[in-house]
Structure formats: structure tokens, C-alpha cells
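Undergrad: Keeping their order, the protein sequence lines are chains A and B.
Mapping of the first sequence onto numbering that gives the first Met the number 0: position 36 corresponds to residue 35, and the numbering continues sequentially without gaps.
Mapping of the second sequence onto numbering that gives the first Met the number 0: position 373 corresponds to residue 372, and the numbering continues sequentially without gaps.
Keep in mind the hints are simulated off the structure, nothing from the lab.
Note that the structure is a prediction, hence the values are computed from the model and not measured.
Among the hints, erroneous ones may be present.
Which chain A residues stay away from chain B? Per the calculated CB distances, all over 12 angstroms, these [stated by the list, open to error]:
1) Phe48
2) Gln64
3) Gly66
4) Tyr78
5) Lys81
6) Arg93
7) Ala94
8) Ser95
9) Thr107
10) Val109
11) Ala113
12) Arg118
13) Gln122
14) Gly140
15) Cys165
As a list, the in silico SDA-like pairs of lysine to any residue whose alpha-carbon atoms are at most 20 angstroms apart [what the hints assert, rightly or not]:
16) A:Lys81 to B:Arg327
17) A:Lys117 to B:Ile186
18) A:Lys81 to B:Asn185
19) A:Lys81 to B:His190
20) A:Lys117 to B:Phe356
21) A:Lys117 to B:Gln47
22) A:Lys81 to B:Ile186
23) B:Lys315 to B:Glu269
24) A:Lys117 to B:Pro191
25) A:Lys81 to B:Glu321
26) A:Lys81 to B:Pro157
27) A:Lys117 to B:Pro157
28) A:Lys81 to B:Pro343
29) A:Lys117 to B:Met307
30) A:Lys117 to B:His190
31) B:Lys315 to A:Lys117
32) A:Lys81 to B:Pro161
33) B:Lys451 to A:Glu170
34) A:Lys81 to B:Arg311
35) A:Lys81 to B:Glu359
36) A:Lys81 to B:Phe302
37) A:Lys81 to B:Leu162
38) A:Lys81 to B:Lys352
39) A:Lys117 to B:Asn185
40) A:Lys117 to B:Glu366
C-beta: ideal position from N, C-alpha, C; glycine also.
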Amino acid sequence: MSSERELFRTDDSQVLTETRDARMSGQGDRFNSKLREAFGSSPFILTKFDKFMNWVRGSSMFMLQFGIACCSIEMMHTYAVKHDLDRFHAGVPRASPRQADVMIVPGTIVSKFAPRMKRVYDQMPEPKFVVGMGSCTISGGPFQEGYNVIKGAEEVIPVDIHVPGCPPRPEALVYGVAKLQERIANGEASPVTVKPYELEQFGDLERDEIVDELASEIDEEDLVMRYNWADSP
Amino acid sequence: MSLQEGDEATPEIESGETELEALLDDLIVDTDDHMNAPAFVIRPDTVQETLGRLKNEAGYDHLSLVTAEEYPDRYESIYHLKKFDDPTDEVSVVVPTDSENPVSESAEPVFRTADWHEREAYDLVGIEYDDHPDLRRILLPETWQGHPMGLDYDQDRPQMVPLREHANPLQDDHRSDTDSDTMFVNIGPHHPATHGVLHLETTLDGEQVVDVEPDIGYLHRNEEQMAQNGTYRHQIMPYPDRWDYISAGLLNEWAYARAAEDLADIEVPEYAQIIRTMGAELCRIAAHMLAVGTFALDIYGDFTAIFMYAIRDREKAQNILEDLTGQRLMFNYFRLGGVVWDLPEPREEFFEKVRTFVDELPDALEEYHDLITSNEILQMRTVGTGVLPEEVAKNYGATGPVARGSGIDYDLRRDDPYGYYDELDWEVPVEDGCDNFSRLLVRMREVEESAKIIEQCVDLLEDWPEDERNIQANVPRTLRPEDDKEIYRTVEGAKGELGVYIRADGTEKPARFKIRSPCFSNLQTLPEMSNGEYIPDMIAALGSLDIVLGEVDR
């Protein structure tokens with residue numbers, strides 16, 4: 000028994016490592032790291048502030064806890080034990096869009112939901128990024144020919160990364176997120192190119208009596224989305 | 000009507016039919032034969048009378064589904080009735096209305112569940128129901144033009160959708176009340192507690208719910224239209240996976256397979272039935288694991304141990320299913336007449352894997368019981384809250400664990416046997432607490448029963464002679480069921496009675512494909528369970544219903 004205890008006993012006087020020596024000997028180089036060696040005695044790292052911020056952004060992403068359809072099940076698996084997105088500095092789901100940096104769009108977007116999704120996107124603070132998960136966010140996926148399905152998330156909000164699959168495996172989503180981090184770190188967030196989203200206007204829509212009637216009904220405060228299925232891809 | 004031919008009714012239906020004919024004598028305009036049940040054609044102004052007699056005097060207390068469809072010369076609403084005591088005893092009530100003025104009497108006063116079903120029929124097909132309490136669109140946005148499942152709908156026309164999230168639908172009601180102090184709160188459609196894109200319009204009095212109204216349709220991705228555009232043999236089968244996407248894919252595929260196989264008269268080999276049964280029960284375990292995990296998530300409010308445990312056990316089930324089907328979530332494994340391929344080689348390794356999973360399950364469940372059901376906090380939150388009495392549950396057509404948690408002993412695997420279930424030894428768990436806790440217990444006990452079924456299936460499959468491993472029946476390359484054949488078949492999905500109604504028109508695609516979603520009916524009971532309760536109890540009740548929006552909205 001006593002010999003086993005010996006194993007776990009730490010006698011301070013017997014511990015002599017280089018780190019310990021360095022700590023003892025002076026405050027100037029108390030973190031005796033490789034980085035320190037590389038920079039010599041200078042206590043500064045010089046970099047562009049933008050670059051630093053991009054690196055920080057990519058390395059600490061708060062995801063929006065946002066479930067739509069089938070893909071959200073795989074998204075939950077990506078957050079949870081086996082795949083554990085947290086290992087890649089991206090695993091903290093936030094329920095409020097005001098605290099989130101990244102929105103994963105996991106599923107089919109239908110006409111009724113698109114304005115709501117747009118609103119959630121608008122509520123997120125800048126800079127914000129979007130990962131489109133699954134075929135439905137690319138083109139409408141298997142439901143593309145339906146009467147009610149928006150043919151891709153890009154009809155409503157800008158998307159940085161598309162992860163194809165129906166649904167994509169968790170590994171694929173992790174890869175997509177890693178790619179997004181890479182892009183953010185390189186300062187390559189996607190330009191904002193939103194397609195429809197017109198306020199109180201009907202664009203080039205023909206003014207028949209239905210449109211006129213609807214236009215008169217719409218409150219100016221209201222957000223209106225127009226879906227022209229024939230023009231969509 | 001023009002739907003006279005059909006196959007011969009079985010003798011016991013024949014005898015029941017005469018009794019029913021006597022009961023409904025003055026109301027019947029014509030008779031019809033659906034493949035699953037006798038059908039009576041009635042006038043549109045006698046719906047309540049007919050359904051009332053069938054419910055009160057003949058004991059058909061379960062309105063399973065309301066199907067609406069448009070023919071070139073008329074509209075039709077079909078009420079599919081069953082008995083909770085004996086779901087094989089079915090009857091259909093067909094209500095034709097003329098195409099110029101499609102108005103029919105509402106069945107809502109007789110069956111509460113008809114409320115949403117008829118709203119859906121109005122929304123998608125365009126039949127109007129007299130005497131309906133609240134006839135407006137349910138799945139599509141209120142500004143939608145046209146009825147998309149109608150025959151003359153132009154899908155390419157532009158549509159506009161406004162966002163009125165700040166509008167208070169009750170404002171007008173309360174303006175006259177000088178000192179009304181209720182508050183209107185939108186919960187969802189983007190909210191962590193609504194399990195997807197459900198929108199709850201709640202009116203609160205302080206901390207108590209005065210009224211809650213589920214607003215659905217945020218995931219209505221026209222599954223029925225997709226199925227009507229696909230051919231029977233191959234193109235429809237991938238879609239059922241996406242109705243109830245919580246890993247319950249094989250259970251949903253079975254709903255379609257059962258209806259289509261009976262429609263086309265295909266006999267499934269016994270060996271394939273055992274594989275189906277095993278796969279389906281693995282799916283049920285995976286689905287219930289997520290139900291338990293997210294329910295605990297709703298109660299405790301954080302992403303911690305129980306959710307992670309549940310996902311861990313789901314991953315195990317999913318790994319086995321991936322070995323079997325080749326996919327993690329969207330299996331597409333069933334084919335009409337069997338399954339797509341045999342068990343993976345080496346078979347011993349696969350059986351070993353399944354056995355390990357099943358053997359470890361009791362220990363895992365013990366952990367859940369330690370963490371969840373024996374936890375005082377959870378008991379305080381769930382025992383006696385979200386009460387759904389048996390009669391109310393029946394009136395709303397609730398099925399599955401929701402019905403069994405309310406003391407209704409109703410499980411289609413036993414009562415309307417399909418697959419290999421009637422050859423196996425297992426039980427139907429029923430709890431009569433009628434509250435959130437009972438529904439949780441039912442799910443956890445069902446996991447045990449599913450494990451029993453899987454174990455027996457593995458035993459059978461292991462000893463199956465090698466030259467009799469027939470995985471698919473001989474099915475013609477192109478299926479063209481006869482014109483005007485109609486069938487409605489249900490199976491026990493993870494959430495309850497999942498049914499498919501198909502009308503064939505002699506082509507290789509169905510003329511009408513209607514899905515009976517258990518969640519759609521179950522979700523209707525939410526106001527009954529939560530009006531007058533506290534908000535957190537409403538959230539708990541919603542979690543215990545275990546809805547999945549892909550199936551509610553289809």
C-alpha cells in the first residue's frame with residue numbers, strides 16, 4: 000500500500016524541469032514557449048488588426064440554435080457527443096439570434112417560413128455568416144417541384160457555405176464549418192447579394208386586381224415577400 | 000357515384016354492412032367499396048347526422064382521417080372511421096359536393112379532430128364546410144391565392160407572403176374590455192422549445208395560459224403533391240423518410256409500403272417481413288430516444304447529460320441502421336414487396352452488433368430512470384400536468400404514446416397486425432395517468448418492448464435457412480393498379496397511427512395520395528392540455544406530445 004501511495008506523491012524538491020527553472024529565474028521569459036523563442040526577447044507580436052480580428056472571429060463562433068427540418072436532426076448530432084462541433088471552436092448554440100454569429104440553415108424553406116427566417120437573419124449582429132445545410136437550401140432539394148417550397152436559401156438570405164447532402168452527414172457539416180472558419184480567417188466573407196425581399200413594392204409583378212387588392216391591404220410596416228416560382232431556378 | 004367496382008368484401012364486413020345499412024338507411028344515397036372498408040355515399044347536409052349515428056350507435060369512435068379530393072365533376076370529402084377497440088372494423092363516409100359550389104356540412108360538432116382536418120381540406124383542395132367554427136387556411140399563408148391540390152391550380156403564378164409577427168389577433172376582442180390584463184405572446188416559429196418551426200399564439204394572464212393556438216404550416220413542403228408526381232414502384236419510397244424525420248424512416252416507409260402492397264396485391268416474403276420488423280423497431284428506439292432527450296431538455300432547459308446520453312444511444316441505433324440500409328437518416332430501404340438488400344455481410348458480425356446494443360439497453364434505460372423519471376424535480380414538473388383525459392384524447396383522434404399515456408389500449412401492431420408482429424412475444428405498455436409523466440413512461444417502456452422484438456427477430460434471422468432468404472417478391476417493373484381502386488391503410492409509427500390513403504386511376508402514379516399524420520391530430524390536443532396551466536407546463540405538454548413538424552405539416 001505504502002509503495003502505491005509513493006507513486007502519487009509529489010515531492011517539490013525533486014521536481015526540476017526547464018519550465019520550472021525558467022519560472023524561478025526571472026519574469027521576463029516566464030512562458031518559455033516556442034513562440035517566445037521565435038520572437039526573441041520582444042514582448043510584442045505584430046500583426047494587422049484586421050487579420051487578428053478575423054482569426055478571432057473564425058476561432059470563436061456562436062451558432063444560432065435554429066432547427067427547421069430533417070437536417071436539424073443531423074445538426075443536433077453534430078453538436079452532441081460523437082461529433083462534438085465544440086472541438087472546432089464552433090459549438091455553442093445560442094437560442095437568441097442577437098447573440099449568434101453563424102446561422103446554420105438546416106432544412107427546407109417554405110413560403111410561410113421564409114419571411115421569418117429573413118427576420119431572424121436581420122436580428123443577428125454583424126458580422127454574420129450563414130452555412131446552408133442540405134440540398135433544400137441549395138435548390139429546394141427533393142421538394143423543388145413543389146408549390147410551396149423556396150428554391151434555395153439564397154433566394155432569401157446570402158449564404159457563405161453550402162453543404163450538400165440529404166441530409167449531409169455530421170462529418171460533412173463539420174467540414175463545412177471548418178471551411179467557413181478558413182474563409183473568415185482569410186477575410187473572405189461572402190458579399191451580400193439578396194435576391195427578392197421587397198418592402199411594400201411588388202417589383203416587376205404585373206398589376207392585376209389581385210395584386211392591387213393585396214397591395215392595398217398591406218401595412219407599410221409589413222415586410223412582404225414575393226415568390227415568383229416561374230423565375231426561380 | 001362512379002366508384003362501384005372493388006374487390007369482394009369479407010363476410011364479417013358483409014354482416015356489419017347490413018347492420019350499418021339498417022342504421023343509416025334513410026341517409027345512404029349510394030354505396031361504394033373501398034379496399035379497406037365499406038363506404039357509404041351521403042348527401043352533404045347530413046354529415047353530422049350520419050357520423051353522429053355511427054359514433055354513438057355503432058361505436059365508430061375514431062375519426063382517423065378526412066381526405067378531400069377533386070374529381071373533374073365533383074369534390075369529395077371522405078371520413079375514414081374506425082373503432083378504438085377494434086381498428087380493423089372500419090367504415091368510410093363519402094360526401095360528394097358539386098364542383099360549382101363545394102359546400103359540405105362540418106363534422107366538427109361530432110368529432111373535434113375534424114376541425115383541423117377540414118381546415119386542411121379547405122386550404123389545399125378548396126371544399127368549404129358549413130358550421131365549422133373557424134374555417135381558414137391552416138398550412139399555407141393566409142394571403143395564398145388558389146387551392147394547390149385542386150385540379151386547375153397554376154403552380155407558376157407568383158404568390159405574396161406578408162410578415163405580421165407583431166399583429167395581435169386578440170387585440171380587437173380586448174379593446175372593449177377596459178381593464179383586461181392579458182398579454183399576447185408569440186412562441187416560435189423560431190424557438191428552442193417548439194421542436195422545429197411551430198408557432199404558438201399564446202394569450203397569457205400573468206404566468207398562466209389563457210389560450211394557446213398552434214399555428215402550423217412553416218414546414219409544409221407538399222409531400223402529398225410529391226407523392227402524386229411519383230411512380231408507385233420507385234419514386235415515392237424516398238419521401239416517407241422525410242415525413243417523420245426523427246429516424247423513424249422505416250416506420251414511415253412501411254406505411255406507404257403497406258398501402259401500396261395491398262393496393263397492388265403484393266405478398267411480402269416472410270424473411271423480408273422479419274427484416275422490416277427489426278429495422279422498424281430500431282427506428283422506434285432511435286425516435287423515442289430523441290423524444291426522451293428533448294423532453295428532458297424542455298424540462299431542465301439545458302444541453303446537458305440527458306440529451307447527450309440520448310444522442311449517444313441514438314448513435315448506436317443509427318450505426319446499426321447504417322450497416323443495414325447504408326444511410327444514417329433517410330434510409331430508403333423498403334421496396335414494394337420486400338426490402339432492397341439482405342443483411343450486411345458478415346452476418347455474424349451484424350447480429351453480434353445488434354445483440355450488444357439490445358443487451359446494453361437495459362443498463363442505459365436504468366441510467367435514464369435514475370436521471371429522469373426518479374428525479375423529483377422532473378416529477379414535480381410532469382406528474383399531474385398536461386392532463387389529457389381518455390375521452391378527450393379519443394375525440395381528438397390522438398394515437399400512439401399520447402393515447403397510450405391516457406389509458407387507451409390501442410396499438411396497431413397488435414390490433415391490426417402487419418409485418419411479423421403477431422408472431423412475436425411482446426406487450427403494449429399503457430399508463431392511465433393521462434399526464435406528461437405517463438407519456439414519458441410509455442415511451443421508455445416501449446423502448447424495452449422494441450428491444451424484445453428486435454432480439455426475437457435476430458434469433459429468427461440467425462436460424463433462417465440460407466436458401467430461403469427471399470428479400471423481395473416478384474413485382475412488375477411498372478405498377479398500374481386498377482382504375483378507381485381506393486385504399487386507406489395505417490401502421491403504428493413512432494408517434495402514432497400513420498396512414499396512407501391512395502386512389503389509383505389506372506396510371507403508374509396515384510391520383511390522390513393523402514397522408515394521415517399522427518402528430519397533426521396529437522398537436523390539436525395542446526390547448527386542451529395547457530389552457531389554464533402555467534407556461535412551463537404548456538412547454539412540458541408540448542414536449543410530451545413529441546411532435547415532429549415535418550409530419551404535422553407534411
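Undergrad: Could you tell me which of the numbered hints above are not met by this structure, giving the numbers in increasing order?
TA: 2, 3, 4, 5, 6, 7, 8, 9, 10, 11, 12, 13, 14, 15, 18, 19, 20, 21, 22, 23, 26, 28, 29, 31, 32, 33, 37 and 40
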